[in-house]
Structure formats: C-alpha cells, structure tokens
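Chain by chain, the residues:
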Amino acid sequence: MIDLVWLIPLFPAVGFLFNGLIGKWLDLDKRVVGSVACTALGLSFLFSILIFFSLLKLPPEARAAVPDKVLFDWIVSGDFKTVIGYKVDPLSIVMALVVSGVSFFIHVYSVGYMHDDPGFTRYFAYLNLFVFMMLTLVLANNFLLMFVGWEGVGLCSYLLIGFWFERDAPANAGKKAFVVNRVGDFGFLLGIFLIFAHLGTVGFNEVFAKAPSLDTATVTLITLMLFVGAAGKSAQIPLYVWLPDAMEGPTPVSSLIHAATMVTSGVYMIARCHLLYSMAPISMAVVAIVGAATALYAASMGLLQFDIKRVLAYSTISQLGYMFLAVGVGAFSAGIFHLMTHAFFKGLLFLGAGSVMHAMSGELDMRKMGGIWKRVPITFLTFLVATLAIAGIPGFSGFFSKDEILWQAFSSNHGHLYLWVVGAVAAGMTAFYMFRLLFVTFLGPCRASEEVKKHIHESPPIMTIPLMVLALLSVIGGYVGIPHILGGRNFFHEFLAPVLGGAPQGTEHAAFSLVRPVFASGGAAVGEGVNMELLLMGVSVAVAIIGICIAFYLYIWKTEVPKRLGERFKTIYTIVFNKYYVDEIYEVCFVNSTKKLGTFLWRRFDDGVVDRSVNLVAELMAWLGSVLRRIQTGYVQSYALGIILGAVIIIIFLIR
Amino acid sequence: MNPVGFPLLTAVTFFPLAGAVMLLFLPRAKEESLKRAALVISLVEFVISLPLFIWFDEGAAGMQFAERVPWISEWGVSYSIGIDGISLLLVLLTTFLTVLCILSSWRAVERMVKEYLIAFLILETGMIGVLVSLDLILFYVFWEVTLIPMYLIIGVWGGPRRIYAAIKFFLYTMAGSVLMLVAILALYFLNGKATGEYTFDLLKLYQAGLPATTQYLMFAAFALAFAIKVPMFPFHTWLPDAHVEAPTAGSVILAGILLKLGTYGFIRFAIPLFPVAAFKAIPIISVLALIGIIYGALVSMMQEDLKKLVAFSSVSHLGFVMLGMFAFNVQGVQGSIYQMLNHGVSTGALFLIVGMVYERRHTRLIADFGGLARVMPVFATFFMIVALSSIALPGTNGFVGEFLILLGAFKANPVYGILGATGVILAAAYMLWMFQRVMFGAITHEENRALKDLNLREIVTLIPIIVLIIWMGVFPKFFFKKMDLSVQNFLYDVKARYESATAPSGAGQGASPATEEVPGSKVDSTIGVKE
Amino acid sequence: MPASVTPLYFFVVSALIFAIGAAGVLIRRNAIVVFMCIEMMLSAVNLTFIAAAHYLNSLDGVLMVFFVMTVAAAEAAVGLGIFVLLFRGRKTIRVDEINLLKW
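The listed protein sequences correspond, in order, to chains A, B and C. For the first sequence, this note's numbering assigns the number 1 to the initial residue and increments by one for each residue that follows. For the second sequence, this note's numbering assigns the number 657 to the initial residue and increments by one for each residue that follows. For the third sequence, this note's numbering assigns the number 1188 to the initial residue and increments by one for each residue that follows.
Next comes chain A alone, as it looks inside the complex (with noise of 0.2 Å):
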C-alpha cells in the first residue's frame, strides 16, 4: 500500500492534463470539469487515509523507516545525483493528509464559488496542478525535489493570483508574489549547495545521516539559508509582503494556497530539516524570532483593516509567525500541529469570507456589511466557529495547537519569557481583531446599499457543506493533540515523534529559571512546571478573552469610539493603517532602484559606453578611409604621374 505512494500526486497530475488540455480543447461541460478535478483529489485524498493507515499499521519506530519509493533517476552529473522519489513517513502522510483533504473541500467549494466564471476550465486545472506541486513538495525524499514542489507552487499561486488577469491589481500581486518568493528560493537554493558541497547528497536520509558530521559555522549558514526560502514562501518579515496582495485572487485560491496549504511549506521544510536547525543554535534562535516578530507585527497590522480578506491575510501571516515560533524553540510536532489546526480554521475563515462575498455581491469592505448574520446563518455559525478556534478558546483546535506553542516557547531549552510575551500579546490581538472582523460584518445594523441588502442570499450546499466540514474539523482537529497535562495522550505527537523526536520537554532550563521569582509567591517546588503550564494556559487565555472584550466594547457596545480613538492617535493610526508604509519603502529602495540602474545600464552604459566604443572603431577606420582616399583625385595626369614616380623609384632601386 505504501509503494503506491506516488498516487497520491499522480491523481491531481492527471485532473490538472485532462482539463489543462482536453477540457480547455473541448470546452467541456463545467460539471464535467469541475467532477474530475473533484474526484482527483477525493482520490488523492483516499489514497493519502490509506497510506496513513498502512503506516499507522506499523510499530512506530518502523513508521520513520519506510523506504523512499523511487521512480526514477533525474538529473545525474557526476557525482551528483537526483532521484524522482517520495518519502512516506507520520511527517509527510501528515502534510498529505491535510494538504489533499483540504484540497478536497476547497475544490468542491469552488465548484460553487467560480459556477459563473468563464476561466472555470482554467481554474480547476490551475488547481490541480497546485496540489500536484504541493503533494510533490511535501512527499519529496530529497531536497532538489521538494525544490521543484516548492517553485511548483509559486508559479500556481502566480497564476491563480493573476487569475482575473485583465485587471492591473491581481497580475501585479501575481507578479510580486512570484519574485518574491524567488528571492527567498534564491536563499533555499543556495542552502543545497551548501549542503551538496560538503555532504556530496542532497537525499533526505542520506543528508540527515550525514549530517551529524558538519561543523556548526556551517550547518549554521545552510540552515539559515534554508530559512530564507522558507521566509519567502511562509511570508514572514521581511519577506511577508506579497502575501496580503495575494488576496487579489478568487478567495478559494486564498484559502487553499494562501492561508492552509501553500503558505505553510516553509514550516514544514524546517521540520523536515530539524535535525539540521537542531545542530544550530543560532538558527534556531533567529527561526523564533522571526517568528515572533511577525506574529506581533502582522498582528497589529491586521488591526485596522477593512477589506475581509486583508485581514485574514495578515492574521495568516501573524498564525505563520506561530508556527515559525513554535520550530524555532524546538517543539517541532507543536508546529506541524498547528500548521494542522490552522489548515482547518484559517481555510474556514477564507471560504466563510467567500461566502459574505457571495452574499454580498462581491463586496469586501467590512464597513458596509453588518447585521447578516440571519440572512447567511451557515456562513455565519461556522465563521464563528472558526473565529473561536483562533482566538484560542478553550474547546477548539486553535487553543490546543495555539497553547502549546506558548507554552513551548516558554519552557523549551529554546525559548525565552520574552517569546513567550510576544506570542501571547499577538494572541489577544489576533482574537481583538477577528472578533473585530466578525462583529463588523455579521452584528450590528447593516451598512449595504439597498440594491447589494436585496440579494443578501445563504450560499448553495456545494459551498456550505466544505463549511460545515471544516467547521467540524476546526473543532475536533484539536482532540489529536490534548496535551498530558489535561489528561490527553497527546496521540499528534506521539504520531510524528519517529521523526521529529520527543517535544522538548523543559522543566528545568535557563528561562524557566529566570521567571521564578516572578511566580516564587504562587508557585510550589514540587509540580512546578506542571503547575506554570497551567498557568500560562490560563493567562493565555484570559489574554484572549480580554481582546475579545474589547472588540466587543468598540464595535457593538460603543461604536464611536474607535472613531475618536483613530483622532486621539491620528499619527500612529495613520502608519499602521498603511501598513507601516512597508511597500512604499521597498517598492523605492528595490523595484524603482533596480528600474533606474536598469535603466541606466542600457541608455548610458551600453548604447553610451560599450556599444559607442565599437561603433569608434568603425567611425575610426571610417575617417581614415576619408583622408587617404583624397590621394585618389580621379585626374588621369595625376595617375599618370604617380605611375612615373613608381617607374622611376623602382629604377633608382634598381640600378644602385
């Protein structure tokens, strides 16, 4: 069962070919296009429950042994060599699990979402070929193949973001998302050559067997190459600001691409490569605090927002952050699970937004929504739901996943009080800002036209049952993980513990040590630690309760106050809303500065400088010619007289 792996990608690969070309050729029929697109991805998602099963099957230090299911040789030069070949262990059957299920859901979401879009040939295929890539990225044995899945699944997102590509604003969000994913491709890149020069493989197992032999200066240098492409992909500072352009797509795409799938590859890159950050400290340490530094700094900048899916775009950057926090100390498992919780609720949110769009004709600026919650029940209980998983209420995937990540980033040898504090100030932000989001559009009175108020209208079944379903799992997603302290087995990590190792666990360590005396008055020597987690699961909470409150006092209770409070801070107001005027800042310092050296390069440098001095040479030899040929007077006499001057040297030299 496990051998057939390869399947798994196989499926999307060939619904993406039949409607890439016979669909497109005969413009089939959109029920046809859209079931087979479908019904690839059920596959692909059968196939990934079975495998995960088979594996399951196994004794769990068997499970991370499974060997690497080969196709066939790639690029071989030389001692260099490349395989078509996919990994199956707990880390990828996971990664597939929730990026083909997902997929699943989403497509059969946008059957309904794009039903009147005349690119629905184009999309579906589109889309199958993301989650080709995507499958290829996370079942890929070595790092030159996760490479081809990793630009895979940015030329997707460059085109599905351009999807609409009449308009200006999706094809340049398209072009931006592509270089600037290539930038931080240009770091991952650079990390294989690291690791191929001084490990001769670039192979999972045969690199992570190897590596145990690299000195830290280096191990240190390719992790944080690494680290670069997975900023880039993961959309963390400073290369986050393609992804709220993103949103220039349709918003399934956001969802399937830019919120649950794509966007988190970079996690799991660095988990797959954890033994690697495991060798260095200090990558570990800039992992985290990148991390956290977006968390809190996309966070804030999710505050203000109107559009909908801004918003959500800027909270999926600061959720990023989390799960960048979470590698960074060391609680791998913590990452993939919340990578796991976040594909459940962020793509919720995503579709939930589609589905006020749907509502709402398109609209998406919450300040002309308001009280539909009625009119769009579905939409709305399950957008709440996902909302509270994010929040980290307690009951709800996001608190576990979201819990264990602060409490990691306290306790771990890795972490720090300070990482902690951050993490949980961006917690009670992002619950401010969704509940923000949510009161704006749902409660409250209705600020729609009169025209947009008539067609207020629930979505059809083929879109609200994707809601429900994933509103169901934004709700149990949590169960595989409860942790031991509230008397769960915590079965998520025990799953992905032959790869990823035990979760640290830290009870005595440096920043443990360091808050003692904060705590020393409440807590006991003994059960400390288990005491502290509590703790901090309780503040983390109250953290969230408290942002909620305050959304709930500033958009339901008191609803002018936001306006004088924008007046009272006009200043900081002003830069947050404009996103810290980040773009303009880099579209001066990188595009236009590039545009200018372009640009001089070509009128000054080449057609002034390089081609003049060749077109010198001819103009050199031009001038010459002009002077010597007056010797030619076209006078016969004077022909003739050179003729007789010959005649006469020749003599001369003759006769001497």
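Take these hints with a grain of salt, some might be off.
Derived DSSO-like pairs: lysine-lysine, alpha-carbon spacing no greater than 27 Å straight-line [as the list claims (entries may be wrong)]: (1) B/Lys936 x B/Lys860; (2) A/Lys30 x B/Lys1108; (3) A/Lys453 x A/Lys558; (4) A/Lys69 x B/Lys1137; (5) A/Lys81 x B/Lys1137.
Read the hints as simulated data drawn from the structure, not as lab findings.
Place chains B and C on chain A using the hints.
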C-alpha cells in the same frame, strides 16, 4: 571506424547543401513548392541526423562516426570530421531548429523566397560543419561559411536598419575570427617546428604542449573570436542590433545555434588546445560571465522592444553557459552544455513567439500590446510555458541547466555561485514583467482586439518545442548519458595536461591530475579517434 | 651605318622622345594630345627595341616592336572611341575636367 560503414556524418553535413543546389533548379515563381521542398529537405536532414543519436555509443569517449580524408596533404590539412557527446547534441539541435525555422518563415518571408531558403540550407551545412570539424582549417572554413548566409539573411530580409546590423554583425565577428586564423597558423608552425609534423589535425594539436606565454597569446586570440560570437560582455552589442533587424527565423537560428558555436568553440578548441591559459583565465572569464548574467538581466528588464529584450536575456543566459564551463567540474560543464541546448530551444521559441505576434501587429514594442491573453488564449499558454522555461522553473529544461551550472560554479567558487544565482531572481522579474505588459491587463489598443489566435501551422511549430522543454526538464538523463563520458574525459584530459604543464618538476607524467571529479583513468581514449 | 654611331645615340634619342612624351602626358590637357604623347612614348620604346635588336643581332626586339605596334593600334581604336563617347556625354575631352576615376 564507423558503426554504419557509411559516411553518415558527411551526409548529415552536406545534405542541406545538396538540397540548396536542388532548390536552384526549381522555378522561382512557385514559392509554395519551394517552401515545401525546403521543408522536406530540412525534415529529411533531421531524420538522417537521428541515427547519430541512436547509434552513438555512450560507452565510448572518443570521436565517433569519424571520417578522415587528406585534403591538402602538403600542408597537413585533412577533411577530418567526427562527433563526441558534446557536439552530437548540438548537431541535433541544429537540424531540429532548422525545420522549425523554415516552418516559421512560411508567411513571414515575401520576397526572394528562393534565395532565402537556399541561404538557410547553406547556413545549416556551415553550422553542422563547425560542430563536426576536427581539423582547424576545415573548422575555419565552416566558421566563415556560416557568416555569409547569416549576413545575407539579416541584410536582405531584415528590418529597417538591416544593413547597419548586418555589417556590424559581419565585421565584428570577422574581426575576431581573423585573429583566430593568425593563432591557428601560429599554432601550426610552432607545433610543426617542435614535433616535425606539420598538421592542422585538432586531436594531434591537443598534445602540442606549448609554453605558457605562447598559450596566453593564442588563447586570447581564440577566446576573443569566440567571446564575440557567444557574445560575452562587453562584446555583445552586435547582438541586439542583429536580433532586432533579423527576420524571425534568422533570430531563431542566430540565438539557437550561431551563439552556441562560440561556446562550443571554447569547449572544443580554446580550452583543450591551451589548457594552461584556460585555467589562468578562469577569473577573467567567470567575472565577465557574471557581469553578463546580471547586466544582461538588468538591461533586459528595461527594454521596450520585445526582440531586444529577448536578445539581452540571451546575453544573460549565455553568461550562465560560460560560468558553468569555466567552473571546470562535471556539474558545471554538463550544465553548461545542457544550457546551450536549453537556450537554443527556449530562446528560439521566444523569438518564434515574438515573430508570430509581429506578423499580426507589425510592431514589437511592448507598449503596443497588453491584454493579449484574452484574445489569444492558445498563444498565451505557449508563451507562458516558454517564458517559464526561460526563467528556469523546475520541471522545465532551463532549471536543470541553470541548477547544475550554479551548483558547479558554487563548488568551484561559492562567490560565483551566489552572484550567479541572483540572475535567477532578475530573470523572473524581467520575464514576468514583460509577460504581464504584453499578455495581461485590459486591452488598451483597439487593433489588438481582433487578433487571431495561432493557426495550425504555428501550433505545429511550437508543440515540438513545448514537448522538448518538458522532456528535457523531467528526463534530462536521456541526454546526459550521451555526453557524460565525453565531458568527464574533457575535464580529465584538460586537467591532466594543465597539471603536467604546470608541475614544478616538469615531469609531465609524474604529476597526478586532479582526479576528484573523474574516477578511473580514461585519458588515452580521448586522444585518438575511435577506430 | 657608320661605326661611330653607337647604340648610345639611339638610346639617348629614344630616352629624349620618351621623356617628351611622358611630360606631355603629364602636362597637356587635351586628351588627344595626351594620347599622342602616349604614342610617342611607345615609339620611343620601339626605337630602343629596334636599335638593341640590330646591335645584338637578335630578332627578339623586332618581334616586340610588332607586339607594341599592334597594342598601340588597338589602344588607339579603343581610346579614340572612348573620347568620342566622352565628348558626347560631357562636351569636353579636357582631362582636368574629367575626374570620374575617383573613389
């Protein structure tokens, strides 16, 4: 001597010429049948070149399909041809692209069709001749033979400034090759004086073992000729002019094959003839290549004319080729050869595509387009795939080449690898920006609204390229295994001779060559023609 | 022929005629005169040939003279034809007004 017992390589080389002679006897007025005849000739040529690939023995490293007939025996000139894994692939690329070029000229060429087709077929013979020659004089003859048809193609069937461009192309290339001729003669006499055997035989001259200072001068002469052809920064300025003025098929062949003759010249002539100088030149060539990569990309980004943009992107891509070649390790050199093929396929296709849109709109200015994806969806798909191949997206051919080049460069010198990799970012920027301005957005010019999508002939022209792009990206081993041994021996041989020449004790055989790249000893098989 | 008449006399005379002819070619402006000067130079050469032939008792010189005379005749025919055509086209046969042989 020859696995088929038939002078197959001669047939492949001269068949287009014979075809050109045949075209002479067809009436000038029947343009359609002239085109058909030329197409058939080029197709047959392609088909008879395929056995070269099939029967090529990848387990043997020496020259295969070799033929050798004395030509001017008093001077040691012989008609000596043969191919190894490196030239094999380029020969096939030539025969492949010529077919597409003739297909693409169906509508584009309106005057003097007969002469045009004849020029193309002669050009094909010239290019294949350069690739198969194993005698310096023969090589030089073919090298110059390629110039004249190309000069005519640009100068007669080109755009408004065609005369300027053609003369610039001709004189610039000529200036380099004359120096090369001098170096060839000097090599002939010096080698003759040293060994007593006056010969132009390339494989014998490999063993000349000239003193280092002489090598520097001769390498400089050869390198200048080839660098102009490649073209390497700062000798590239003839290229944009030539490309802009040349007719579509001319640009395709120019970018696809003629430029490769320069890089091929390095790998077949300049480096193995003068290994000491070549190794000493690594920093110079690599830095020029890097400048070419980044500079070409930056200048390309700001171009307003599509063809000029592609021309500057060629400068960037050829920079990669040179960078990989002068990494002097298996990955770099193989990547470099593969990138030659890639560039021929992808950039050739880009020129075809620009030509297709030019035929419809009679403009190549980016500003005159916009929103074409809506009216020409099939065209958009082809264009997109080719553009992605050009920016080296994994899964396409471009990635395999550029990755190996950068890997090789990184191994040789990490700084080169890092700087080269920035070209990958810039490539995405200029290509996608161009693509966006041409294909995306709203239609801003009314003339574009009525553009017809590709017709069957155009689709047939492009499909082989698309198939090749994907095939070369997914199954590169198919091509790599043909050149593997040749490249390894090239490296082994060049390094061994470099080491023996620079070994302090002067005992050539005693010095151990750099074997870290190439396991086993195969040095003897490179030298002689495979009998 | 008296013995005192040495070949030197002939050579001096022919050299003088040749020099006069050459000077005429260089100085005179009328193409026909120039032409006649050329004929003079040829005649000077002929004279040298004849004289040399006589004194060397060889027929070679005489043979050359026939060649020269043939060429001169042909030249005269072609040259005068050119002058006629030139005069038709340009209404002049002054060589300083004809500078078509330029560049």
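Hints, verified against the model:
1. B/Lys936 x B/Lys860: Holds, at roughly 23 Å.
2. A/Lys30 x B/Lys1108: holds (26 Å)
3. A/Lys453 x A/Lys558: Given that 27 Å is the threshold and the Cα spacing comes to 25 Å, the pair holds.
4. A/Lys69 x B/Lys1137: holds (23 Å)
5. A/Lys81 x B/Lys1137: Answer holds: A/Lys81 to B/Lys1137 is near 13 Å, not above 27 Å.
In this structure, every one of the numbered hints holds.
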